[in-house]
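Undergrad: Sequence:
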Amino acid sequence: MRRQNRKIDRLHTENSSERVLGLNWNSDRDELTFNLNLARLPHDIMNSERPTKRQVLKIVMSLFDLLGLASPVTTKAKQLLQEIWRRGTGWDDEIDQDLATQWNDWKSQLINLKNEKYRAAI
Numbered sequence: 001m002r003r004q005n006r007k008i009d010r011l012h013t014e015n016s017s018e019r020v021l022g023l024n025w026n027s028d029r030d031e032l033t034f035n036l037n038l039a040r041l042p043h044d045i046m047n048s049e050r051p052t053k054r055q056v057l058k059i060v061m062s063l064f065d066l067l068g069l070a071s072p073v074t075t076k077a078k079q080l081l082q083e084i085w086r087r088g089t090g091w092d093d094e095i096d097q098d099l100a101t102q103w104n105d106w107k108s109q110l111i112n113l114k115n116e117k118y119r120a121a122i
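Numbering follows the numbering used here, in which position 92 of the sequence shown is assigned residue number 92; successive positions increment by one, without gaps.
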């Protein structure tokens, strides 16, 4: 039994971060952080000043937020997508310039979301 406890302690100290519900949980600090892997998104979309409707949809729908902690950011993106639909933008047409400005603001919020930390509460 004592040998098993040592093994558990060693495992705990080697990796204090685990994936839980699409988030990273740091068990030492008891904090949740978002697991955003922006590197897997195509650079042409993330660096585009005026993406197409298809590109916006691809990014917005790739976000997973089961607990709703990122709702302020995801809701803004969905509102932007809704406005793109209202204007009748074609799938492969670039979005209007005023919406592109909102898109770029939203991208910066998304990037900043990686730095957000939430205390895990029971």
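One or more hints might be untrue.
[As the list claims (entries may be wrong)] Pairs of lysine to aspartate or glutamate, DMTMM-like flavour, derived with a Cα cap of 20 Å:
1. K117 x D65
2. K53 x D28
3. K107 x E83
4. K117 x D44
[As the list claims (entries may be wrong)] Here are the in silico distance ranges between beta carbons for each label pair:
5. G68 x S108: 31 to 37 Å
6. N26 x E94: 37 to 43 Å
7. D98 x E18: 41 to 47 Å
Hints were generated in silico from the structure; no laboratory data involved. All C-beta atoms, glycine included, are put in the ideal place defined by N, C-alpha and C.
Undergrad: Look at each hint and say if it fits the structure.
TA: Structure-based check of all given hints:
1. Note on K117 and D65: the hinted pairing holds, with a Cα-Cα distance of about 14 Å set against a maximum of 20 Å.
2. For a cut-off of 20 Å, the pair hint linking K53 to D28 is broken: about 42 Å separates their Cα positions.
3. Among the hinted pairs, K107 with E83 is consistent with the structure: their alpha-carbon atoms are about 17 Å apart, no more than 20 Å.
4. The straight-line distance between the Cα atoms of K117 and D44 is roughly 29 Å, outside the 20 Å bound, and the hint therefore fails.
5. At roughly 21 Å, the beta carbons of G68 and S108 sit outside the given window of 31 to 37 Å.
6. Judged by the Cβ atoms, the range 37 to 43 Å given for N26 and E94 holds: they are separated by roughly 40 Å.
7. The hinted window of 41 to 47 Å between D98 and E18 holds, with their beta carbons roughly 42 Å apart.
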